[in-house]
Amino acid sequence: MTGPIEKPAEQPVTTQEQPEPTVDRAQYLVCAVLVLVGAFIIYDALNLPAGFAKVDPVGPRLFPMIIGIGLLVMAAILAIAIPRGSRGEADAGEDIDPDRPSDWRTVGLLVAIFVATILLVMPLGWAITGALMFAACATVLGSKHYVRNIVIGAVLSTASFYAFYSGLGIPLPAGILDGIL
Amino acid sequence: MLDNLGWLIQGFEQAATPMNLLYACIGVLLGTAVGVLPGIGPAMTVALLLPITYNVSPSAAFIMFAGIFYGGMYGGSTTSILLNTPGESSSVITAIEGNKMAKAGRAAQALATAAIGSFVAGTIGTLLLALFAPAISRFAVTLGAPSYLAIMLFALVAVTAVLGSSKLRGGISLFLGLAIGLVGIDSLTGQARATFGLPQLSDGIDIVVIAVAIFALGEALWVAAHLRQKPAEVIPVGRPWMGKSDWQRSWKPWLRGTAYGFPFGALPAGGAELPTFLSYITEKKLSKHPEEFGKGAIEGVAGPEAANNASAAGTLVPMLSLGLPTNATAAVMLTAFVSYGIQPGPTLFDKEPLLIWTLIASLFIGNFLLLVLNLPLAPLWAKLLRTPRPYLYAGILFFATLGAFAVNIQPLDLVLLLVFGLLGLMMRRFGLPVLPLIIGVILGPRIERQLRQSLQLGGGEWGSLFTEPVAIGVYVCMALLLLAPLVLKLMHRSEETLLLVEDDKDQREKATGVHEKRLREESK
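Read top to bottom, the protein sequences are chains A and B.
Mapping the first sequence onto this note's numbering, position 4 (from 1) lands on 14, and the numbers just tick up by one.
Mapping the second sequence onto this note's numbering, position 398 (from 1) lands on 396, and the numbers just tick up by one.
Simulated from the structure, these hints should not be mistaken for laboratory data.
Glycine is no exception: its CB is placed at the ideal position from the N, C-alpha and C atoms.
Be aware that a few hints might be false.
Unchecked claim - For each label pair, taking beta carbons as the anchor points, the in silico distance ranges come out as: (1) A:Gly152 - B:Lys487: 42 to 52 Å; (2) B:Val139 - A:Met75: 25 to 35 Å; (3) A:Val125 - B:Leu484: 42 to 52 Å; (4) A:Pro111 - B:Leu480: 32 to 42 Å; (5) A:Ala173 - B:Leu378: 18 to 28 Å; (6) A:Val125 - B:Arg384: 27 to 37 Å; (7) A:Leu191 - B:Asp201: 23 to 33 Å; (8) A:Pro67 - B:Asp348: 22 to 32 Å; (9) A:Val165 - B:Val370: 22 to 32 Å; (10) B:Arg447 - A:Leu56: 17 to 27 Å; (11) A:Pro181 - B:Val413: 14 to 24 Å; (12) A:Ile186 - B:Arg447: 42 to 52 Å; (13) A:Ile186 - B:Val413: 18 to 28 Å.
To be verified - Non-contacting residues of chain B with respect to chain A, defined by C-beta distances greater than 10 Å in every case (computed): (14) Trp5; (15) Leu19; (16) Gly103; (17) Leu126; (18) Val139; (19) Lys286; (20) Gly471; (21) Met489.
What the hints assert, rightly or not - Covered stretches of chain B (chain A as the covering partner; in silico rule of three or more C-beta atoms under 8 Å from a C-beta of chain A): (22) 171 to 179; (23) 399 to 406.
Please take these sequences and the hints and turn them into a complete structure.
The structure is reproduced here in structure tokens:
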């Protein structure tokens, strides 16, 4: 899913300042997701062995079929509505600057950091991975104090490691620091 | 009735032990601290703080939740007043009037009327909750499976079709949620559905992971794509206080706001947005100083804030008495119930009376603690608003990861977190509402189980679903709810003119116009 989200970058996101009803083609991405999920659910439901009719008049298939078809229908309606100028209103928020074009590079980098975290958390352990993750995210988001980033990250991850270990009884993986922490 | 009072007293006894009071304090402080941070609404606050409750006893966890619930709400209003950027639609009014007050050097009074108003509304709301919820649940347990099925379907339709601006986008979000809810072993036949053959998915996708992904990760990624280069300016504030005239001007709006907020919150599709607007117009009409409105009138903060909080208390009525979540925060809290193995539904008051009454007693306590702790702490909270944004959002990503990972300590949960986080990002970019998805995830499996069980009991006859009068009544309401806008359209009237009084509409336009202008000036 990392690929498709880069797409809207080519599409200048129109802000509230320009109310002309332009067609927001990036929305076809939503259609694609709906078709993908819907098709998978229907395929999965068709492969379920039926034959529980006596105990269970509905069976395990009906719900997935309804939901899968529902998703496909939604995709179709949306596909018809998009060229007619239907568009969703992007979320606003306290730190969101609606006048800035979307910065998908930052998002892509954050996703990359996240993937690295998933791969490293077991071998390196939470304390190291968490610290690296925080520092990397803060750097990508624009904090230039590299040393401070890593120090805050290390404090957060070590503190949370011990808080979860002794406070909540949840042992987060220690990884290569096993025996030291 | 006396029975309930007895239970409530027992609840207080349970909640007022020194250890539990400590939990309540922690909950209130954490809830406020996280809620104050810009970009974090009450639902995300509760989602991020879920992991803390993993290994404490259910009653201690719920005591903490009560504090987090009201603390998160209170923290949000502080952000609105001092930053003038509403985190969610229900605090738009607070952001407009409260920030005007703060700009005029009356930040202390704005925070005070918001805090005390929240306390008044929260206390009355909790009292009404204690009165109504047991009665509703007593009625609900007499209902059969077909009626209960109808009520759950009604909640789904109401949340999808009534709240939010686009029915199509609400429906998309709902069906995505239902699809996520399918994953796992089918409860009646034991077959694995949509699990990709992964055994870790056979219990379904952990709802904590979904909540954290959609609310925290999705939001952080979305903000990252649009991060303001210069964070909005924070107005410094001392200790909140109110003069005599402020009290005189505030107490009636508090009560009227509560009266608007609670019933809207208790309805499946009421929400908090409409009662805050209604409260604002009412106060403007009744005020002796209507000229101050739009420039920082204390009534315009007192009323809507009370309405907002009373509505939050109202949402607990369907949640505790029927097991129906009707807003995002309640949905996330319900996930906590489920993670303790507590089956939400009308039998909750019968099966877990002590737990529920402890929760209700904790709501009173948490509300009180909020007032006592937060008035003196306001300057500290204002400092939190200056948190450098890179650290704030890196922190959200860090704690989201920690929370999702700590559920089962398996990297697969982090993969799911990323996938659903990207889904959350997509939903924010394309204006798909988040609430129907979460409600779909929670209610979908329960609706399916209820439907199949009622059909089993009814001998496979679909007609057996329509035998109970309550069920038929609910289906009629549902049809009306869906058809009413269509009929109105035919009569050449838009939905908006029905919902909003004329005066409100232009007030709202004016208000958002002023707000946007300010934002534009700021960005320059």
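Hint check:
no. : hint                            : verdict
1   : A:Gly152 - B:Lys487: 42 to 52 Å : holds (47 Å)
2   : B:Val139 - A:Met75: 25 to 35 Å  : holds (32 Å)
3   : A:Val125 - B:Leu484: 42 to 52 Å : holds (46 Å)
4   : A:Pro111 - B:Leu480: 32 to 42 Å : holds (39 Å)
5   : A:Ala173 - B:Leu378: 18 to 28 Å : holds (22 Å)
6   : A:Val125 - B:Arg384: 27 to 37 Å : holds (32 Å)
7   : A:Leu191 - B:Asp201: 23 to 33 Å : holds (30 Å)
8   : A:Pro67 - B:Asp348: 22 to 32 Å  : holds (30 Å)
9   : A:Val165 - B:Val370: 22 to 32 Å : holds (31 Å)
10  : B:Arg447 - A:Leu56: 17 to 27 Å  : holds (22 Å)
11  : A:Pro181 - B:Val413: 14 to 24 Å : holds (21 Å)
12  : A:Ile186 - B:Arg447: 42 to 52 Å : holds (45 Å)
13  : A:Ile186 - B:Val413: 18 to 28 Å : holds (22 Å)
14  : Trp5                            : holds (30 Å)
15  : Leu19                           : holds (18 Å)
16  : Gly103                          : holds (23 Å)
17  : Leu126                          : holds (31 Å)
18  : Val139                          : holds (25 Å)
19  : Lys286                          : holds (33 Å)
20  : Gly471                          : holds (24 Å)
21  : Met489                          : holds (23 Å)
22  : 171 to 179                      : holds (count 4)
23  : 399 to 406                      : holds (count 4)
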